[in-house]
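Peer 1: Going by the UniProt record's numbering, the residue at position 24 of the sequence shown is 24; the numbering climbs one at a time, nothing skipped.
Check each hint, because a few of them may be wrong.
Said to hold, decoys possible - In silico DSSO-like links for lysine-lysine, alpha-carbon gap of 30 Å or less:
#, residue 1, residue 2
1, Lys100, Lys206
2, Lys206, Lys116
3, Lys176, Lys206
4, Lys131, Lys116
5, Lys176, Lys100
6, Lys215, Lys164
7, Lys215, Lys131
8, Lys176, Lys164
9, Lys206, Lys164
10, Lys131, Lys100
11, Lys131, Lys206
12, Lys131, Lys164
13, Lys100, Lys116
14, Lys116, Lys215
15, Lys176, Lys131
Unchecked claim - Pair by pair, the computed Cβ-Cβ distance ranges are:
#, residue 1, residue 2, range
16, Arg137, Val172, 30 to 36 Å
17, Ala92, Arg59, 23 to 29 Å
18, Ile171, Val204, 44 to 50 Å
19, Pro117, Gly54, 34 to 40 Å
20, Arg63, Glu152, 38 to 44 Å
21, Ala191, Arg213, 17 to 23 Å
Just so you know, these hints were derived from the structure itself, not from any lab. By construction, the Cβ of each residue, glycine as well, lies at the ideal position given by its N, Cα and C atoms.
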Amino acid sequence: MAASISPLRSSFRICNGLSFHHCRAKLRMHRKCESQRRHLHESVTRHAAVVVSGTEMARQIHREIQREVEELVAGGNMRPHLGVVLVGDDPASHTYVRNKTRAASILGISSDTVLKPSSVSQDELLELIDKMNRDWRVSGLLVQLPLPGHIEERAVCNAIAPEKDVDGFHIVNIGKLCLGQRSMVPATPAAVWEIIRRAGIETVGKNVLVAGRSKNVGLPIAMLLHTDRNHQRSGGAVSFMYPALESLRAYVDVAPPRFSQL
Numbered sequence: 001m002a003a004s005i006s007p008l009r010s011s012f013r014i015c016n017g018l019s020f021h022h023c024r025a026k027l028r029m030h031r032k033c034e035s036q037r038r039h040l041h042e043s044v045t046r047h048a049a050v051v052v053s054g055t056e057m058a059r060q061i062h063r064e065i066q067r068e069v070e071e072l073v074a075g076g077n078m079r080p081h082l083g084v085v086l087v088g089d090d091p092a093s094h095t096y097v098r099n100k101t102r103a104a105s106i107l108g109i110s111s112d113t114v115l116k117p118s119s120v121s122q123d124e125l126l127e128l129i130d131k132m133n134r135d136w137r138v139s140g141l142l143v144q145l146p147l148p149g150h151i152e153e154r155a156v157c158n159a160i161a162p163e164k165d166v167d168g169f170h171i172v173n174i175g176k177l178c179l180g181q182r183s184m185v186p187a188t189p190a191a192v193w194e195i196i197r198r199a200g201i202e203t204v205g206k207n208v209l210v211a212g213r214s215k216n217v218g219l220p221i222a223m224l225l226h227t228d229r230n231h232q233r234s235g236g237a238v239s240f241m242y243p244a245l246e247s248l249r250a251y252v253d254v255a256p257p258r259f260s261q262l
């Protein structure tokens, strides 16, 4: 059976035939390399990626919401109802709305979709939103984006009652989010935060990189990650990176070999 060679014996082998001073320098270099190797191994182990089963987590969340909805209704409350406004014939928008209403149905939430042609005026759309705001049967309201060019999206988002703003795009909800106050949070950032929370990933006091800075996704994610434990959120130091993906390597401790191909 072959015997293992210790670092010290390996060092003596390296020094064979060299002067004492040269040998000592070689030993120092070898020890430095060994130290760096151990540090790298510890760093990789410490920062190893956490693989999260999003599918299983989604199933669990679905079960929880279904139970909460049925308990709400069993307590004599009205079944939650989602009102959706869809403008135009954009295929992607129709797909998104179809998926949202299907998900609502699975969770026990009723919904209806109001279709408007792309030629609808902004005033007419705002009147419809005001009507749905005042409709006590509508628990949540969303207007599917994007909208036709002649309609100002910000005006539409701000017309939705903040308490019914399920997309979290109203200026009041955005402001509360930035202040760490309870608010309606946009869906994708809320999903990211829920994954972090359920996976038990500790980010308090850590550096957090958000690859993207969109107003509907990147910025809200940064706000969720920036607040502290007093708001039951992560309290990390957030950095933005967009669009220079090749520069991401400088913002992480250990980058896998294929990282540069992103």
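Peer 1: Now tell me, hint by hint, if it's right for this structure.
Peer 2: Outcome of the hint check:
1. Distance restraint check for Lys100 and Lys206: the Cα-Cα separation of roughly 34 Å exceeds the 30 Å cut-off, and the hinted pair is therefore not satisfied.
2. With a C-alpha separation of about 46 Å, the suggested pairing of Lys206 with Lys116 is violated against the 30 Å cut-off.
3. Our distance criterion of 30 Å between C-alpha atoms is met by Lys176 and Lys206, whose separation comes to about 23 Å.
4. Between Lys131 and Lys116 the CA atoms are separated by roughly 15 Å; this keeps the pair inside 30 Å, and the hint holds.
5. For the suggested pair Lys176 and Lys100, the alpha carbons sit about 25 Å apart, so the restraint of at most 30 Å is met.
6. For the suggested pair Lys215 and Lys164, the alpha carbons sit about 20 Å apart, so the restraint of at most 30 Å is met.
7. As the CA atoms of Lys215 and Lys131 are separated by approximately 27 Å, the hinted pair is consistent with the 30 Å bound.
8. Note on Lys176 and Lys164: the hinted pairing holds, with a Cα-Cα distance of about 15 Å set against a maximum of 30 Å.
9. For the proposed pair Lys206 and Lys164, the alpha carbon gap of about 34 Å is over 30 Å, so the pair is violated.
10. Between Lys131 and Lys100 the CA atoms are separated by roughly 22 Å; this keeps the pair inside 30 Å, and the hint holds.
11. Between Lys131 and Lys206 the alpha-carbon distance is near 46 Å, which puts this suggested pair outside the 30 Å criterion.
12. With a CA separation close to 13 Å, the supplied pair Lys131 and Lys164 stays within the 30 Å bound.
13. This hinted pair checks out: Lys100 and Lys116 have alpha carbons roughly 18 Å apart, not beyond 30 Å.
14. For the suggested pair Lys116 and Lys215, the alpha carbons sit about 26 Å apart, so the restraint of at most 30 Å is met.
15. Proximity of Lys176 to Lys131 is assessed by CA-CA distance (about 25 Å); at most 30 Å being required, the pair is judged to hold.
16. Distance hint for Arg137 and Val172: a CB-CB separation of about 23 Å, inconsistent with the stated range 30 to 36 Å.
17. Between Ala92 and Arg59, the C-beta spacing of about 26 Å keeps the proposed range 23 to 29 Å intact.
18. Between Ile171 and Val204 the C-beta distance comes to about 29 Å, which lies outside the given range of 44 to 50 Å.
19. Here the CB-CB span from Pro117 to Gly54 is close to 37 Å, well matched to the stated 34 to 40 Å.
20. For Arg63 and Glu152, the hinted distance range of 38 to 44 Å is satisfied, since their beta carbons lie about 40 Å from each other.
21. For Ala191 and Arg213, the hinted distance range of 17 to 23 Å is satisfied, since their beta carbons lie about 18 Å from each other.
Checked against the numbered hints given earlier, this structure breaks hints 1, 2, 9, 11, 16 and 18; the rest are met.
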